[in-house]
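> Listed here are the chains, written in short residue letters.
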Amino acid sequence: MAHTILLVDDDNEFRTVMALALESFGYVVIEAADGMAALNVLQRERPDAILSDLHMPLMDGRTFCKRVRAELDLATIPFVILSAYIESDGSNTLSDTPADYCFSKQNSFSSLLPQLESLIVHPERNEVVRNRER
Amino acid sequence: MNPQSAPVKIGRNPQLLRNQLFISSALLTSALLVVAAWVINHQVVRQARQQVQAEVETLLPLYDAVWNEHARRLATASAAMADSPIVKTVFGDARAARDQQTLREMITDAGANAVAPGNQNGSSTPGDLVLMSDGAGQLFFAEQQGRGASETSGKATDFSVGLFARPLAGMPIDLPAARIVGESQIPARGFTILGGRVFQLALTPVVLHSGSAEFNNTLAIIGMGAELSRAMANDIKQRIHSEVVFLVDGRAYASSFATDAERAAISAISANKVLDAPAGRSSELNLGGDLYLAFARPLEDFDGKLIGQVVVLRSLAGAGQLFRAISNQLLMLWSLAIAAAWFLSYLIAGRITRPLESLAASVRAFGQAGQQGHSSQSDQAGQCNDEVMTPMRVQSEVGQLAQAFDQMRQSIKQSQAALLKNERLATIGQMASSIIHDLRNPLATISTAAEVMSNDGITFDRRRLMIETQLRASHRMNDMLTEILEFSRGSYKLSPAPQPLAPIIQCATQELGAQMAQLGIRLNVVVPPQIRLEADAGKLARVFENLLVNALQALQLEGKHKELGAETAGGLVEIRAIQDGVSVRVDVTDNGPGIPAAIRERLFEPFISHGKQGGTGLGLAIARAIVEAHGGRISLNGTQTRGARFMILLPGGKDGA
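Same order as they appear, the protein sequences are chains A and B.
Take 427 as the starting number for the first sequence in our numbering and just add one per residue.
Take 450 as the starting number for the second sequence in our numbering and just add one per residue.
No wet-lab data here; the hints were simulated from the structure.
Just so it is clear, the structure is predicted and the values come from calculations on it, not from any experiment.
Note that CB positions come from ideal geometry on N, CA and C, so glycine has one too.
Some hints here could point you the wrong way.
Far from chain A, by Cβ distances over 12 Å, these chain B residues were calculated [claimed, not checked]: (1) A514; (2) N517; (3) A717; (4) R746; (5) I797; (6) R889; (7) A898; (8) L914; (9) T918; (10) S923; (11) E935; (12) D985.
Cβ-to-Cβ under 8 Å is the rule here; a few derived chain A residues that face chain B [what the hints assert, rightly or not]: (13) T430; (14) A447; (15) S544.
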């Protein structure tokens, strides 16, 4: 069964391309333009993972992530932040975000995919990753 | 703030200070000099007065010496006559001794022998009275002669008045003093009154020596006298350089004064009680404006009885001249000193205030340079600062102050430059960061698409959509880069031409209008065709494009917010232009979510963005720059929470109607 991913980004082109790419690898993608819209989606959908941009109007990725973590039934959804503001070498990984993984838009799509996959398939590893990052 | 007012005030203050310093120090020194001059003058005049007083007191012995000399001369003359053999022969003959004619001849002969050489009056006798009495004091001869020509208009004969030729009432036949001399056979001197006249008299006995020392026969007494006349007073006056008044019974007998002055002198003498003053003490008299110091000496007869007084008056006119000379010299010195004090005060005031003036000038120039530095850049300001560097005298306190100020100015200049540099670096950093991150989004789009498309198992439709997206992303990158380039150039060179507004707006809405129509956004354009203005069509179109892009993005955002892919229907963008007097006003309105209050203030600054959807944050900054280059103004109108209304005011064309 195909995993569902909620893709949140205010950049039309990037979102389109990312959605197409994920769909090419068999994911079902729900799109949202910012955190607020994404929270609306989450009221009726429960994706297997959330891929969110950081800088967005109305509600940015950081706030959105905290809101998700605050909801009991959503808190365990793997959350990946995908931003142009994160350097590709991970030098400015956002430690204050309760996200499972921070990914730079400069990194290749092929390096994102295995991380995403493992977060979805082995949700118990999430904690490990989270602890290690702390 | 008027930049002209402050420097004028700064420039005037040192002038005021100089005047105050000058006037106060000049007045102070003048006052000190006046007081000093008064004290000195007072002291000097007092000293001089004391000196004159002391000098007058030395007159006393001089006066006595003059009297003594007179008396000695009379005595010498009478003694010479008494010793003459002719006289002794005549007096030896009782008949001849009573014959007036014989006696006159005898006086002439004996007097010629007896006259001492150097008798200043050149007369035959030193006196003007010749007396002869027998040993019992009975006068048998008395004759007064002229004393010479000096004070009697050269008429010696007028003065030759025989006592018996003009008999005087109360003329004594008996002269007690002569009897005493005849008995004692010792010469005597004294003052005496004969026939109402006062004489200084010397009596000498004519002695016939008997051969025995115990007993000698007195043949007669010869008296030589001089009247205390005006002539004598004048003689004494010449000798002691003082006026002389003879007083008998408190009335003037004779004096060296003229008649009127004599009367004044007598009354002054009695008024000042000169006669009652203790011996040796002088009194000050004022005779018709002239000051005199006066002292009195007694005139005593042979018995030591007071018969009158002599008052000697020393004029202070010479001393007064001395006082005046001293005062004049002091006045001159005093004036010179005051002039010097004023001059020095002026110099000192100038020396104090000149560095202050240059300091003020330096401050003023620094302030002006600072203002220029704000409008232009710091390089120019630096130049101005260096120009106003004034060489100051470092030794003085004010000079040190100026130096300290200059150091402070330098450090302010440096920190100002450092601040500007930091600010610029921060702006560049902000700009670079913003641009780089903005460019990364389309770049990531392109690279991700390319990476995925290299995968074989991708459907054609997806591939096509990806390529289209890729293309859009690269166009967007290009637009952003162009925008940055334009903005970084700073100035917008316009090629304005008079033209109607409507075609410009039509050009701006052409591309975006179609896009809006697709999204169901209504675009309402109301531009009267008669509105004309002087504008660069291409640049001005860019302004409206940017505003429309913002409106479109805001509406799209709201649409997506409702739900992704939901309708943007109901969205409305309106462009409405009106002729507003000489200017043209264009309102661009949308009914989107509006501008958050937080960024309204800085909305037109670069990199301030609300939508942040792949923009550089330069759109409104560019719009403002273009509008301002046209001499217009752009502003966000209203504070409503919903929708945004931008107002653009542009100067209208000459044929605006």
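> A447 (chain A) was flagged as interface toward chain B. Is the shortest Cβ-Cβ separation under 8 Å?
holds, 4 Å
> Regarding the assertion that T918 (chain B) does not contact chain A, is the least Cβ-Cβ distance greater than 12 Å?
violated, 5 Å
> Over 12 Å from every CB of chain A: does A514 (chain B) meet that, or does the non-interface label fail?
Consistent with the label, A514 (chain B) stays out of reach of chain A, its closest Cβ about 130 Å off (over 12 Å).
> Does D985 (chain B) sit more than 12 Å from chain A, CB to CB?
Its Cβ never comes within 12 Å of chain A, the nearest being 32 Å, so this holds.
> The output says E935 (chain B) does not contact chain A. Does that hold with a beta carbon cutoff of 12 Å?
holds, 23 Å
> Quick one, is the T430 (chain A) hint okay against chain B at 8 Å, beta carbons?
violated, 15 Å
> Does the claim that R889 (chain B) lies outside the interface with chain A hold up, using a Cβ gap greater than 12 Å?
Not fine: 4 Å to the nearest Cβ puts R889 (chain B) too close to chain A.
> Using Cβ atoms and 12 Å as the threshold, tell me whether S923 (chain B) really stays out of contact range of chain A.
At roughly 9 Å from the nearest Cβ of chain A, S923 (chain B) sits no farther out than 12 Å, so the non-interface label is violated.
> For A898 (chain B), is the shortest beta carbon distance to chain A beyond 12 Å?
violated, 5 Å
> If we take the beta carbon of R746 (chain B), is the closest beta carbon in chain A still more than 12 Å away?
holds, 130 Å
> Does the claim that I797 (chain B) lies off the interface hold, with its Cβ farther than 12 Å from every Cβ of chain A?
holds, 70 Å
> A cut-off of 12 Å on Cβ-Cβ distance, and N517 (chain B) was said to be off the interface with chain A. Does that hold?
Since the minimum Cβ distance to chain A is about 135 Å, N517 (chain B) lies beyond 12 Å and the statement holds.
Violation of the numbered hints given earlier is confined to hints 6, 7, 8, 9, 10, 13, 15; the remaining hints are satisfied by the structure.
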